[in-house]
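Chemist: Those sequence lines, one after another, are chains A and B. Here numbering that gives the first Met the number 0 is used: the first residue of the first sequence is 0, the next is one more, and so on. Here numbering that gives the first Met the number 0 is used: the first residue of the second sequence is 0, the next is one more, and so on.
A hint or two may mislead.
What the hints assert, rightly or not - For lysine-lysine, the following DSBU-like pairs were computed, each having C-alpha atoms within a straight-line distance of at most 30 angstroms: (1) A/LYS311 - B/LYS310; (2) B/LYS2 - A/LYS65; (3) B/LYS310 - A/LYS50; (4) A/LYS2 - B/LYS65; (5) B/LYS7 - A/LYS51; (6) A/LYS2 - B/LYS310; (7) B/LYS2 - A/LYS24; (8) A/LYS75 - A/LYS51; (9) A/LYS21 - B/LYS106; (10) A/LYS50 - B/LYS24; (11) A/LYS106 - B/LYS7; (12) A/LYS24 - A/LYS304.
The hints are simulated quantities; they were obtained by calculation from the structure and are not laboratory data.
These are the residues of each chain, in order.
There are 2 protein chains.
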Amino acid sequence: MSKFMSSKYSNLVPYTPGEQPKDMKYIKLNTNESPFAPSEKVLEATLEEAKKLQLYSDPDCTELVKAFTEVYGVAKDEVIFTNGSDEILNFAFMAYCDDETPAVFPKTTYGFYSVFAELNHVPYIEIELNDDWSINIEDYFNAGGTVFLANPNAPTGIALSLDEIRAVIENNPDNMVIIDEAYVDFGAESAVKLIGEYDNLMVTQTFSKSRSMAGARLGFGVANAALIQDINTIKYSTNPYNVNRMSMAAGVGVLRDEEYTRKNCQTIIENREYTVQELKKQGFEMTDSKANFIFVKHPEYSGSKLQAELKKKGILIRHWSKPELEEYNRITIGTREQMQALIDAVGELLAER
Amino acid sequence: MSKFMSSKYSNLVPYTPGEQPKDMKYIKLNTNESPFAPSEKVLEATLEEAKKLQLYSDPDCTELVKAFTEVYGVAKDEVIFTNGSDEILNFAFMAYCDDETPAVFPKTTYGFYSVFAELNHVPYIEIELNDDWSINIEDYFNAGGTVFLANPNAPTGIALSLDEIRAVIENNPDNMVIIDEAYVDFGAESAVKLIGEYDNLMVTQTFSKSRSMAGARLGFGVANAALIQDINTIKYSTNPYNVNRMSMAAGVGVLRDEEYTRKNCQTIIENREYTVQELKKQGFEMTDSKANFIFVKHPEYSGSKLQAELKKKGILIRHWSKPELEEYNRITIGTREQMQALIDAVGELLAER
């Protein structure tokens with residue numbers, strides 16, 4: 000930190016992205032990316048758009064919003080696009096939290112929530128999960144602040160039902176509820192269909208996972224028009240051209256190829272169920288994940304060792320050193336071949352004990 | 000504004016981007032874009048990268064930083080890339096301004112500075128320009144806050160010399176000086192070469208103007224390593240993957256085609272001088288612009304009328320309703336054909352009076 004940096008950030012500890020080592024070619028099961036290339040329609044749209052890069056992108060994302068409303072059945076003033084869903088989550092922390100309105104979220108969840116709270120100098124309340132890693136929704140009733148829930152939750156993969164989400168919303172009539180659905184397309188129920196019913200609900204999603212576009216940075220928020228207008232006020236005061244031309248075109252392209260997205264999600268679900276079955280045979284314990292990752296531990300093999308040993312074998316998985324997570328690993332679901340390689344490698348490690 | 004929006008933003012007035020009407024095809028001389036398509040090397044790099052969109056972009060922008068250091072002669076820890084230069088300017092307002100350290104900038108300058116200050120709830124001091132629209136650098140000596148100077152300034156196009164920039168830096172030893180060089184490639188002197196000499200200097204630039212990449216959203220900051228680390232702390236606490244894969248690749252591509260950039264800048268400079276000469280013949284008054292735009296007024300034709308009448312003729316230029324600017328227009332410099340169309344249209348309007 001330089002001597003010029005404002006002291007308000009002197010305790011800020013940034014988020015740590017998953018490692019992206021460049022020393023060799025790995026099977027990457029550590030950052031929840033899709034193993035599938037983007038849709039051909041993405042490639043076509045992107046190339047066409049790159050020729051017009053000298054012109055600013057459309058701050059209103061008109062074409063993308065149009066394509067989106069046709070697929071999602073919301074009105075055009077009920078959606079906003081951002082530079083990845085991290086950006087809209089940060090905007091939501093800015094818009095809906097302050098000294099009087101803390102952020103409220105599980106103690107174990109997407110690690111960026113506490114960073115956003117620290118960044119924006121808003122108080123936050125972290126609520127413990129149940130012993131089985133599930134969320135006790137009553138803990139979030141009349142929370143006295145803005146509720147942030149990842150559904151499915153990270154890194155557990157456990158999903159709340161739509162009825163549970165409804166209960167949280169209805170029991171916080173005076174506060175916002177933000178449902179972060181980054182992983183919803185792999186088997187959970189989306190709350191997008193509820194936005195017309197509740198004035199205190201915002202749903203965020205990303206094109207990074209189910210749509211194979213992590214590298215394009217495209218996220219969105221869906222909510223009633225007044226809430227979207229709040230986020231637009233922040234966006235137009237921060238970075239009006241936050242979505243670049245190519246990602247915008249890529250987004251239109253992928254929305255015109257929903258069949259490809261659905262097929263890929265189905266494959267991930269099948270590969271997840273296969274991996275769960277095989278790892279259970281090897282003695283692993285795990286949560287019931289509805290995401291494109293699983294959250295596993297082996298009673299006789301430590302999480303940090305498993306990560307280190309698999310890395311030596313060319314397979315990356317995620318591990319955290321936080322005490323409550325240190326027995327666990329998060330493993331992204333890739334292709335069947337990648338998962339078989341993982342299962343085989345794990346089998347070898349367990350046999351070598 | 001919804002009832003849930005934090006009251007801290009109740010007075011926030013967002014930045015207004017230049018209009019991008021879609022009702023017909025215009026000659027766009029209103030948002031300082033380049034009239035030239037991006038380099039062929041940009042197209043090649045982008046297409047290649049779009050095939051890998053399922054993978055996150057590199058938060059460290061390793062390849063882009065490498066290409067940059069080869070062209071700009073700085074070290075790899077002396078540069079940071081952002082989602083357009085608006086993002087790094089906002090990060091600088093965050094990092095270097097607070098209740099004790101106001102932002103200090105000219106009253107007439109890039110309109111986003113005051114928005115960033117309001118957004119971040121930091122006090123700011125706006126200093127009047129001289130009557131000829133020039134900056135009196137002594138007004139910024141021992142400014143008691145973080146100085147933001149656009150060089151060339153917007154919308155005047157007037158540039159400070161490197162000696163004047165040095166004087167501002169040296170007379171603010173206890174405060175940061177941010178030099179916003181969005182338009183520097185069209186005839187002003189860059190302060191990038193000074194970063195090794197001063198620990199309180201940060202220079203920001205963009206690929207939007209001289210490199211024909213406004214739609215890619217790629218900006219950067221250059222400063223000593225401690226200052227870049229400050230901005231990295233903010234970036235990694237906001238949006239670590241802020242630069243997408245395609246824009247990153249496009250940036251590498253354009254940096255490998257410096258000849259194309261230089262040639263385009265030279266053409267813009269020539270077209271600017273031609274336009275200045277022709278508009279002066281028609282009675283226009285203007286500042287000595289070193290940017291890819293000119294700042295003009297006609298003693299007998301109002302700024303708002305000129306904008307409205309040119310729009311009817313299919314030509315967009317920029318006008319502001321602020322009292323001090325209302326006589327003026329800002330006209331982006333395009334191709335020779337576009338400028339001739341402007342000159343002819345203006346001639347017709349003046350003849351019709």
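Chemist: None of the hints should be skipped; say for each whether it holds.
Modeler: Hints versus structure:
1. As the CA atoms of A/LYS311 and B/LYS310 are separated by approximately 64 angstroms, the hinted pair breaks the 30 angstroms bound.
2. Taking the CA atoms of B/LYS2 and A/LYS65, the gap is near 27 angstroms; set against the 30 angstroms cutoff, the hint holds.
3. Between B/LYS310 and A/LYS50 the CA atoms are separated by roughly 26 angstroms; this keeps the pair inside 30 angstroms, and the hint holds.
4. Restraint check for A/LYS2 and B/LYS65: the C-alpha separation of about 27 angstroms stays at or below 30 angstroms, so the hint holds.
5. Between B/LYS7 and A/LYS51 the CA atoms are separated by roughly 38 angstroms; this puts the pair beyond 30 angstroms, and the hint is violated.
6. About 50 angstroms separates the Cα atoms of A/LYS2 and B/LYS310, which puts this hinted pair outside 30 angstroms; it is violated.
7. At most 30 angstroms may separate the alpha-carbon atoms for a hinted pair to count; B/LYS2 and A/LYS24 exceed this at roughly 51 angstroms.
8. With a C-alpha separation of about 25 angstroms, the suggested pairing of A/LYS75 with A/LYS51 holds against the 30 angstroms cut-off.
9. Taking the CA atoms of A/LYS21 and B/LYS106, the gap is near 47 angstroms; set against the 30 angstroms cutoff, the hint is violated.
10. Taking the CA atoms of A/LYS50 and B/LYS24, the gap is about 17 angstroms. The hint holds against a cut of 30 angstroms.
11. For the proposed pair A/LYS106 and B/LYS7, the alpha carbon gap of about 27 angstroms is at most 30 angstroms, so the pair holds.
12. A hinted pair counts as satisfied when its Cα atoms are at most 30 angstroms apart, and A/LYS24 with A/LYS304 qualifies at roughly 20 angstroms.
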